[in-house]
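**Q** Sequence:
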Amino acid sequence: MGKNADAISSDGAKSTFVLNNGSTIASGENSRAVAMTHGGALEANSTDITSEQSAAIALESASSATVTHSNVSGSNVAFSFSGGKNVATIDGGSITATASGGSAFAVDSGSADINVKNVQTMNADNLLTVANTTDAVTLRAENSKLSGAVKASGNNVSMTLDANSQWLLTADSSVGNLTSSGRITLGDENGSAGTLNVGNFTLLANSQTDVYLDANATSAPIVAQNATLDGTLNITGYGSASTLSADSAFTVIDAENAINGNFTSLTVAGMASGSVDFITFSGTIDPADVTNYVLTPSLTWYASQNPAATAAHGTFTLNNPDGSFTLSTALVDQNAEATTGWDGKSLTKEGQGTLILNAVNSYSGTTDVNQGTLWLDEAGVIGVQNSEQAVNVAAGATFGGSNGVVNGNVNSNGTVQFNDTLTINGNLSNAGSIVSGNIEGTNGATTGNTLIVNGDYTSNQGSVTLNTQLGDDTSPTDMLNITGNTSGNTTLYINNAGGQGALTQNGIAVITVGGESNGTFVQGNQVQINAYEYRLYQDSGDWYLRSQATSDNGDVTPQYRADIGSYLSNQWLARDLQMQTLSDREGSQFKSENGTTWARFKAGKNQSTAAESNIDIDSNYSQFQIGGDVAAWNNGEQSLVVGVMGSYMNASSDSTGNRGGDGSRFSADGKVDGYNLGVYATWFADARQHQGFYVDSWYQYGMYHNSVDNGDVGSTDYDSNANAVSLETGYRYDVALGDNTLSLTPQAQIVWQDYRADDIKDSSGTTIDGQNGDSWTTRLGLRVDSKMNKANDAVIQPFAEANWLHTSEDTAVNFGDTQIKQDLPADRAELKAGIQANVSKQWSVIAQVSGQKGDNDYSDVNGSLNVRYSW
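Each residue of the sequence shown is one higher than the last, beginning at 1 in full-length UniProt numbering.
Just so you know, the hints here were simulated from the structure itself, not pulled from any lab data.
Hints may be right or wrong, so weigh each one.
In the DSSO-like style, the derived pairs of lysine-lysine whose C-alpha atoms are separated by at most 30 Å in a straight line are [said to hold, decoys possible]:
#: 1; residue 1: Lys853; residue 2: Lys761
#: 2; residue 1: Lys841; residue 2: Lys671
#: 3; residue 1: Lys145; residue 2: Lys85
#: 4; residue 1: Lys853; residue 2: Lys671
#: 5; residue 1: Lys841; residue 2: Lys605
#: 6; residue 1: Lys117; residue 2: Lys85
#: 7; residue 1: Lys821; residue 2: Lys787
#: 8; residue 1: Lys821; residue 2: Lys605
#: 9; residue 1: Lys145; residue 2: Lys14
#: 10; residue 1: Lys841; residue 2: Lys821
#: 11; residue 1: Lys85; residue 2: Lys14
#: 12; residue 1: Lys853; residue 2: Lys821
#: 13; residue 1: Lys787; residue 2: Lys761
#: 14; residue 1: Lys761; residue 2: Lys671
#: 15; residue 1: Lys151; residue 2: Lys85
#: 16; residue 1: Lys841; residue 2: Lys761
Here are the in silico distance ranges between beta carbons for each label pair [to be verified]:
#: 17; residue 1: His705; residue 2: Val556; range: 35 to 41 Å
#: 18; residue 1: Val556; residue 2: Ala509; range: 38 to 44 Å
#: 19; residue 1: Asp817; residue 2: Ala748; range: 36 to 42 Å
For every residue, glycine included, the Cβ atom is placed at its ideal position computed from N, Cα and C.
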């Protein structure tokens, strides 16, 4: 799309544009995805609307948009408004502005009425930006999660949050009128989010206001002209420039006029303030200045310096599993407290909530994480340099950090979690798990996180989970860097972070060891994307992920996924079991006077390879087929017979990938079952004497259900279908041998097949497609049979058949951008042998064994039994 060209535009009061179940993308410079002007209206349902370099949806001059269950993503802004009164209603879906400083909503002029309902995902630095020349802007939220700052210079913005909505402020914001029955959060685990400036600030019953107390802030978190209070005030964090020797007062709300009402409850990290053991608060409207709401905190760690506080101790209990508290006050050694038994220098974390330390803490005692999470954020440090104090993590508890530092040893029976960089200047003992991820406990499959252990690493059956963008040697990855020695056994789990796979050489380094590398890391999950399987190897003490395998002759080849063979086998067996000849149906006896019905059961075993013999495939199959003549026309010795047939087939395969450097191989299982329905027509030159020319043709349509079980990667199900058309001809003539007769039948056959399978995406994120295609198979053969016994109505006819088969196209499948083919030989030799017993004029039984052989270790062996009744 060109510069300044909108993907969709509509102009005029009577113009309405409707988008349903699709996507619209504008990629040109300053190109908007949708632009409505002069009263134009947009109705979008379940649609992705994206602009890569401008606004996703632009409403101008009294236009409107109703967007339902859609994903709206712009560059600098998702929704833009200008001129007249524009109205937008968003119900469900997501709102994103990808650029730094981008806005979910931007009003350049005129007025805007914005209604946000049931939106749970909003990704933008700013919630709303409003130009100075703008008239009134109204933003209403119902059951939605808003995030970002409101940038407005006047009092022309009105916001309303219902009881099920929340707004996370990320920077200084200005709102003319703000009424909330929901939740407003100022600041997060990183500290204060600046100041909320409000003209009229109204908190209704059951509302909640989250505030981080920052002694370094130059103003109160909330500055209002008028304030009416109700609901809950929740304290999410506390920070000061230095340790506190006495109570410090914090102004939470600074109003121009007297504050009306009061908070009905005060909580800390979602817990009633009276039940919190590590800090106490007294909150009130300042009697000396009724325009201020003031909080006075007292940290229990420093209670010995404050006679009004409870007895000092080092226990931090957060019982609310969803609650977190950020402490930006440094914790230093205190005098021991006899009444509580505290040594004055140790920290104990209790409860399922999260305590975030965001200061340089020099206390010298132990840190016991017994429950919940203890997190070191940004400036978070435990201990002084060269300290040998211990951090002990109990089973079920979590300790971690983002750019935090531990000057001491970490002994973990629980989880050690790291985001960005966590440095342990000491030894790490792992009897639990080490996980790359953020404070919320999710990793989002992002890479570039590093756990640094400046000491020894010991594992007692622990595990490590890292994220890697699977590709070549230069792929971004999380890392475990150990400067000392390693010992013990560790299970390593790898999550793919958007990699598309590539052939490695030395591999992707995931664990480095500076000392003696005596510890063992064992891969705990199959790691694969597209056609590649990654394995863990040790080399010169370090550990690498490699996608190459070592063949018997020493050549380096890709480490192929084992399930490639399962998809190819399912495809081949569905096609192969449609193949049949006239003799397979009719045997050596041609047509009876009035027609026949027949049934056939076939079972066998197939062996083949794929990916240039790097994958071995072993298959077993069975088929039950039934059919019968429905019409016949006779003209002297000639006859034309038409019939119908149907079959059920079932096949399974075991696919084994090539060997890794340790000699081991992964395997996968494939299954396919389904039905074939068809018709046939056969012309005989001499049906009575069983001699002369014949022409046989048939058509089949197959419907199949397929599944692939790929080890711990999981199972995948998909459907497929196939069409097949055959034309066969031959000439049969008899050679007399005394009382018996030897018959020779040269044959030729050509079959066209078209196979179609669903495109799928498996749990590894690999798109599997490219199975659709057609092929031609030709057959040249000679059949020999003999009538050995003619007593009464019984005839015994042994037979043998030799065929040469040629197939034009190999079966293939795409894993991502890589096409893999089954190593089916273009030419195959086939031998058949069996016996037909015509036990009466009506009944005959045929037993047959058959085998095929071809290049690339291809083989097929099967047996069949045919029962036929002649009318």
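**Q** Any hints from earlier that this structure breaks? Give me their numbers in increasing order, please.
**A** Violated hints: 1, 2, 5, 7, 9, 10, 13, 16, 18; rest satisfied.
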